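J.: Make the full structure from the sequences, and use the hints.
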Amino acid sequence: MKSMLERVWLGFAAAALAVPNVAAQVDSGESLPDVTRAFALNDARIVQAPGVVLERATIVIRNGLITAVGPDAPIPFDAERIDADSLTVYAGFIDGLSHAGVPEPKEEPNSERPDNPGNPPDEDAGIQPDRDVRTLVDGKNKRIKDLRNIGFTAAHVVPRGRMLPGTGAVILLGDGDGPDLVVKGNVSAYAQLAPARRMYPGTDMAVIAKMRQLHREAARRQHIERLYTSDPTGIERPRYDPVHYAMFPVLNNERPVFFHTDDALDVHRVLALQEELGFPIVVVGLEQGFETLDKLTSAGHPLFLTLDLPKEPDPKDKPSPPSPTQTTDAPEALPEIPAMVHNQDFRTVSFEDVEAEKENLEARRMDDYKRHASNASVLHESGLTFGFSSRGVKPSDISNNIQTMIEHGLSENAALAALTTEAADILGLSAMMGTVEVGKMANLVVSDGPVFDDETTLRFVFVDGRKYDIEEAKADSATSSTGAAGIWSFVVSTPDGEISGTVTLEEDGGEWSGSLSHEMASDVRVLSNVDVDGNEVSFSFTEDGIGNVSVTLTMDGDTFSGEMSSSELGVVTLQGSRTPQL
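Residue numbering for the sequence shown follows the working numbering, beginning at 9 and increasing consecutively.
Everything labelled a hint here was simulated from the structure, so no lab data went into it.
The structure presented is a predicted model; accordingly, all values stated were derived computationally and were not measured.
Hints may be right or wrong, so weigh each one.
[Said to hold, decoys possible] Dumping the calculated BS3-like pairs for lysine-lysine here, alpha-carbon to alpha-carbon at most 27 angstroms:
no.	residue 1	residue 2
1	153	402
2	378	319
3	378	150
4	475	402
T.: Structure, rendered in structure tokens:
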């Protein structure tokens, strides 16, 4: 008969043989299962919703859901306990419209122009409302982690493209394959005033005309479908058209059109089109919302405001008090300047007073910056509610931009609502996220202080009940900020072929400037809004026939890759390398 010690030893040996080889799993690249899916954050300050705070309470999470919230919430025996007496818990932030997880499309530089550019194939013209973003999401896309590291736990993502890129979906910003991240599909039809190149619709007005045509063609096809379904006798079978069929949910008010706008003119054009056709709409972007308050207020549509802001003018360039040559009284010979263009105080007696003109230019720049920084506050004070969109914004800029909005009048509760409750409401997610309540998804942000305070650090987030430590952004050691200076040659891949050029970046006392030239034009473009942040570089310039072009680059030693984008150009990719200096 075996001794007690022998029986215990044999039991352990049998258990060891039955357990899979964990080391082998790690070596093979397989992810390890969660140690536990139960957590308890004890004695935390819990902001359940904007203005609703529990000063010392416990929140319990199990299997991705919040199961208890309150001062006396019992802590399960199997929960991982987190002492949170110095921490604050918020609902996870929700991105109202984003390309997170959606890879940039590969350009085909030698693509042929269609035989009939006045009536090109839908795909060539950027008309793809039947495309589903769920088939495009890549869970390893870097932007997912970048947004998660600043507190976002879910995002409404849409395809990249031109006027009608496809349908959007809500995804979780956690780890996993694309399909595993999807929370809700067919959330939206995404649209933007992004003309096609070298074919119809090639202008903003042509895009609007095409939208009108598609809407009416789809309505006609739906009518024929209904007639055929009710009684097909004597009716030719309707031909299937994926573009028209994708518009049916919009016609039935079952799927809103998330329409991105760049400026005030876009807003007026888009709202006029919506008023004419009557489709459900959510207006996104609104960079110049302060110029369209009356229109937005009377229309009453849901809004997602861009988190992008222009770069603040350098303090050393702020204008001095008006010189004796300046006047706030308009001279008789000077024509009236509409207030919507700029403040009438920014004028000079004579165009020959160059110094005064320079000061006025800087004053206008500062005035324009303040109007954009106050945009969210102005919309909120006008009674408009909105969420936030990260489309086109570097994640590293988002937290600072929100703080800037708060410094320019937006209340912290309004900012928090835009990131949580308002976003959830617009996207139809209020039953599952947006507040810290029992039964809701455990999407949480945990910080060591008030989330909008400059001194606060985000500690970790929960996405679907899984804990992710915040990874602080670190500059790529391959390229320091000063390493971006120099002359770089580049090649842009466009549907018309490759275009080569050079860009020069210069740094003087922490201030960046530069210029750009390319083989399609003889003159040099002066860069504006040049920003170098570690290995991330961004700037803009004006191109004849295209307008403002934005460029973002990622440096890697002596090479870079990136993209150019504009409302006319769409998005194209570019590659570059440093030009050796003799």
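J.: Work down the list of hints and note, for each, if the structure agrees.
T.: Here is how each hint holds up against the structure:
1. 153 <-> 402: holds (13 angstroms)
2. 378 <-> 319: holds (11 angstroms)
3. 378 <-> 150: Outside the cut-off at roughly 32 angstroms; violated.
4. 475 <-> 402: Between residue 475 and residue 402 the Cα gap is close to 24 angstroms, so the pair holds against 27 angstroms.
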